[in-house]
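J.: Protein sequence lines correspond, in order, to chains L and G.
Quick note, in my numbering, the first sequence goes up one by one and the last residue is 252.
Quick note, in my numbering, the second sequence goes up one by one and the last residue is 280.
None of these hints come from the bench; they were simulated from the model.
These numbers come from a predicted model, not from an experiment.
One or more of the hints may lead you astray.
Calculated cross-link-like contacts (lysine to any residue; reagent style SDA-like; alpha-carbon spacing at most 20 Å) [what the hints assert, rightly or not]: (1) Lys233/L to Phe214/L; (2) Lys235/L to Ala5/G; (3) Lys235/L to Asn190/G; (4) Lys123/G to Glu105/G; (5) Lys108/G to Gln100/L.
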Amino acid sequence: MMLKCSYKYISIAKVGNSVDENEDSILVPSSSELEREPVIKFAISDGATESSFSKEWSSLLVSCYKDMPFDIANLPLTINAISERWQLKTSAIELPWYAQQKLENGAFATFLGITLNLEEQTFESVSIGDCTLFQVRNDELIRSFPITSIEDFGNTPSLFATNSKFQTDYEKSVKYLKGEAIRSGDLLILASDALAMWLFKRLSEGEKPWLILFILLKYENYQTDFSDWIFNKIKDKEMKNDDISVILINIE
Amino acid sequence: MAYSAEISRNNPSCFLFVIDQSGSMADEYVSIRKPKSEALADVINRMLQQLVIKCAKSEGVRDYYYVGVIGYGANGVRPAFGGSLSGKNLVPISEIANNPVRIEERIKRVPDGAGGLVDTKVKFPIWFDPVADGGTPMTEAFRKANTIIADWLNSHPNCFPPVVIHITDGESTDGDPTEEMNKLTSQASNDGNVILFNLHTNARSVNPISFPGPEVQLPDQYAEMLFNGASFLPDFMRKVAVQEFGLNLSDGAKAFVLNGDIDLIITAIEIGTRPSLQLR
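Let the sequences and hints guide you as you build the complete structure.
T.: Written out as structure tokens, the structure is:
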């Protein structure tokens, strides 16, 4: 039997930044893909604040995940090819001296991609950095990937770099999950680091934090509700002020 | 907890450099055969360039910082930026980015990819030119720094605390600046006190002392005055010192250098400008 899935997602800029300064990018399937395709992909990428043209880099990474191979054997070629596209985009822009010098360092981004095989009832995932996948079954967390506890978060996550000179060793920094089972009723959450940290904090206090996400994203006007909720969490210092993205996938 | 405020465009922080431009700054550093004033101007210009690049994004430069450079010497105490920034005390980093006095081409040695080095031309913006003339009105310089920082804190009460980096090679010629230094380090935002670095540099770098604790034996009263005036290094700066420079510093380590050569001055500036890593 082929499973079905539905999803909700949201991505908002850090408090104080404008909407177009959000450097997170998201890949979700179209409604026609969702209806017809047995294999569907989702991804989140968090562009690094310290580099420039990070949004362009995170955006290319998620869009290329759709059609390009991210397995460890092909990854160097894939990242090179995406990097060339990024360079083509950025070299076309006339820039002042500081932007040119910044550009020489390239852009950086964390990445989390998940491929669902609804026919085989499995999924695989690839990750670099601290965007996190949570798998919830029967209202219990059964897996988080690649981060497994709040202690795993640091200030210097591994990143995909446009400039190979600054790329960390793929073998060490890119993590994979393969052939993991999904069942009807499972909830999959892809979260960028600040939200993922908050989820771990709540989990460590015995809560089931996905319930509030689930409720918030249920409403028609969830963009505003979610933004207000995030704003309050940041104001109360429960959550780091950062671009925040989340995809909630319901397996049916 | 102190020194934890976010540095953002809505809540920027500031760096203020207070530079000795007295006549003795014309003496050459023995190690690099370059006048101290010129070597320090290069260091300040490079630091400004790096800070601009750090704050640059695709749409322009974000004003995470305001930066000032004031010099003291023959002409008294005055802002040291040249060109269209001359006369300005603290300048937003985007204005600095767009207003260098000139952009020079310098030769830089970079790896050639085959294990060797190759000369390459790089752009080197200049905001601040070397000056070395006259006496050392250090007390007046700190009085000016106090005014600049008080104005800044008045309009930015929640900022990450300002860092003031004072670089000198000589003794004050206008009296004891202790009171003004103490006044400066007692100024504070809601996130902590102003951090003052007192960096003493020497052409020959005889018996250098860096970031000492209270147990240090200093050679004279003048060194003690600079040591006593300097701030204790906050935890996050001591972490940078250990992680990036391999300097294991005690809890009581001070933001103080005596008889430092140019490399030690660069290290101290790197440590002192590290709040720039806290950009969000």
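J.: Against the structure, test the hints numbered earlier, and report the numbers of the ones violated in rising order.
T.: Result: no hint breaks.
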